[in-house]
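Enquirer: Go ahead and model the full structure; you've got the sequences and the hints to work with.
Residue numbering for the sequence shown follows my numbering, beginning at 128 and increasing consecutively.
Check each hint, because a few of them may be wrong.
To be verified - Quick list of the computed label-pair ranges, beta carbon to beta carbon:
1) D318 x I142: 33 to 41 Å
2) R294 x K359: 12 to 20 Å
3) E336 x R283: 38 to 46 Å
4) Y143 x L433: 16 to 24 Å
Rather than coming from a laboratory, the hints here were simulated on the basis of the structure. For glycine and all other residues, C-beta sits at the position ideal for the given N, C-alpha and C.
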Amino acid sequence: MLHAAWDYLCRLNPIYFEWIQVDLSTRVATRSPLHPAMSYRESWIAKDLSFSVFSRLTPVLERTKSVFLHGWGDPFANPSFFTMARICKERRCTVCTATRGGLLDAAGWDRVVESGIDQVAFPIDALEDHTSRERTGIGLNETCEAIAMLQEAKRRADSAKPAIDVRYTLTRSRLDEVMLLPEFLQRVGVDSAIVATPSFVASEDLAEECLVPRRHEQLRWLLSHLDTLFFKGLEYGVVIRYFAISPGVKRRTCIENVTESIYVGADGRVSPCAMGALPLDDDVTHWYLGDKVAYRPLVFGSLDELQLEDIWHSDEYRRFRRPFYWNRLSSRCENCLNPFRVGG
Numbered sequence: 128m129l130h131a132a133w134d135y136l137c138r139l140n141p142i143y144f145e146w147i148q149v150d151l152s153t154r155v156a157t158r159s160p161l162h163p164a165m166s167y168r169e170s171w172i173a174k175d176l177s178f179s180v181f182s183r184l185t186p187v188l189e190r191t192k193s194v195f196l197h198g199w200g201d202p203f204a205n206p207s208f209f210t211m212a213r214i215c216k217e218r219r220c221t222v223c224t225a226t227r228g229g230l231l232d233a234a235g236w237d238r239v240v241e242s243g244i245d246q247v248a249f250p251i252d253a254l255e256d257h258t259s260r261e262r263t264g265i266g267l268n269e270t271c272e273a274i275a276m277l278q279e280a281k282r283r284a285d286s287a288k289p290a291i292d293v294r295y296t297l298t299r300s301r302l303d304e305v306m307l308l309p310e311f312l313q314r315v316g317v318d319s320a321i322v323a324t325p326s327f328v329a330s331e332d333l334a335e336e337c338l339v340p341r342r343h344e345q346l347r348w349l350l351s352h353l354d355t356l357f358f359k360g361l362e363y364g365v366v367i368r369y370f371a372i373s374p375g376v377k378r379r380t381c382i383e384n385v386t387e388s389i390y391v392g393a394d395g396r397v398s399p400c401a402m403g404a405l406p407l408d409d410d411v412t413h414w415y416l417g418d419k420v421a422y423r424p425l426v427f428g429s430l431d432e433l434q435l436e437d438i439w440h441s442d443e444y445r446r447f448r449r450p451f452y453w454n455r456l457s458s459r460c461e462n463c464l465n466p467f468r469v470g471g
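Expert: Here is the structure:
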């Protein structure tokens, strides 16, 4: 009886979210070996989020501050992208998305500006066109052309939105190259970027390249290197933030706002984070601090079958969230690198 009364009281209070991340498509354009889709290509499920599943989020969007319309693939691969973005903006959400830029022409970028999207991030893996093609199958020039088209669309509409930033994936072989990022940003007319090392290592072969320091001395050197990059960026009039993995120093809680956010996969599954809902149809392993461990999904239900309120208020999801209210991690997060992430 007490349990039923508590459940009733919880459901009396509307759900409020700081953010919702929605994966609109898991169809991946990049061929980068760092992307889980490449390591798990035999098990990867490529699909678009259906509009009917997305519509189940509509009631809670009125009480959501930000919506991130991107995930494991290119969100513009979803034919309903602009309809979904419009619905979010009509509910006064801040809307952000990310793309490598190959799916839109000039008219498409005009639609992005007209839709009122607040931010577009462009992931890059290299600072030269041929190197980018070798690493990802996508030329850097293609992304630069997309940035230029978006900037021109903003000028035509006399709009300050969307803000544009760059996301650079830092690995061991790119430690020298990343120092050229400020010049690149100045050249393409972008004034902010985030540099981050990978937070998911699919295999032992990638462990060294993914820059997970084994000793504190290595971490200190890496952070000093990134601090130098930050100050160099200021000289070029750009702001470069960074995130790296810290060995042995685990946060008490996660950088994800587990108690006030959710991740919705392209199949409708609800998880606290993108790492918890890889779109796979088979069991896989990943590399965690020197050990090969089984990947364990962290999913609490699907919008294809249940209403969001029922998933959020389920006993299992409540038990999972409980430690985070006290700035503690759940035991189900034990093989995740995110709690080791430090930033500057």
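Enquirer: State for each hint whether it applies.
Expert: Structure-based check of all given hints:
1. D318 x I142: 33 to 41 Å: holds, 35 Å
2. R294 x K359: 12 to 20 Å: Holds: the Cβ-Cβ distance is about 18 Å, inside 12 to 20 Å.
3. E336 x R283: 38 to 46 Å: holds, 41 Å
4. Y143 x L433: 16 to 24 Å: Given range 16 to 24 Å: holds, Cβ gap about 19 Å.
Against the hints set out earlier in the document, no violation occurs for any number.
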